[in-house]
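Q: Sequence:
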Amino acid sequence: MSDKIKIIILAGGKGERMQSSEPKALAVFKGKTFLQHILNTILSLHLPNKPIIVIGHKKERIKEVLGNDHEYVEQKQQLGTGHAVKSAQNAIHPNHKIILVLSADQPLISQETIEHIISKHIEKNPSITIGTVVVPDFSEWRNGMEHFGRIIRGTDGLIKKIVEFKDATDEEKKIKELNPALYAFDSEWLLNNIDKIKNENAKKEFYLTDLIKIACNQNRKIETVPIVNIIEGLQPNTKEELDILERLTV
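Here UniProt numbering is used: the first residue of the sequence shown is 1, the next is one more, and so on.
Honestly, the hints are just simulated from the structure, not real lab data.
Watch out, some of these pointers could steer you wrong.
Quick list of simulated restraints, FRET-style, between CB atoms [stated by the list, open to error]: (1) Glu171 x Lys4: 35 to 43 Å; (2) Gln111 x Asn90: 25 to 33 Å; (3) Gln111 x Thr169: 18 to 26 Å; (4) Asn219 x Val134: 42 to 50 Å.
Even glycine gets a Cβ: it sits at the ideal position worked out from N, Cα and C.
Please model the complete structure; the sequences and the hints are all you need to start from.
A: Here's what the structure looks like:
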């Protein structure tokens, strides 16, 4: 089954809040760039297919740092995560049955977490499998996670949608189950539905998370995988948050 898995890494972000001239994927943590941490973790999975790296902002700089031995796809405009995945659709082949989508700015995502998501997806055969984290609060080092999307579940306990922080109501912002942006998709379903995403939100972007609501409206199966080690979901946006990550992982 491993030869049917294709990974997409979203690495087109600017990372302006890092106050650096480098794109966010090239921020350095523990002596390596965020993107190199992710690539090393993927390498440990021993998957035969190279990951697709979606680049945009300062794309040539990323290529310069990583080299040419990678599969790159350009996102010509920064129009959101859904648009980034859509940019990579032509690199998805019919033999790719599972598409795993990761963010380049999560250097602590572990091999075990990715394997858990893949295993759950293979076992349950849903349209989407999502990794989620549950936090006790947003104090201390968890403060940066307050702006994560919220997992909205129905009275039956099943996931219904993901609401981004800027679009969430005050009640929804109280929800402690969050979206750290780790997804596995049925490839055929993804390609058939990626164009249905609309940019009707506060940021006027095409959110990949809208696919959850689309799948629910189609009565498609969606699975979630709890990420027990909350720290894996951290996505440092500032130098201060990066310093916190360094201290947490001494």
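Q: Among the hints numbered above, which are violated by the structure, and what are their numbers in rising order?
A: Violated: hints 3 and 4.
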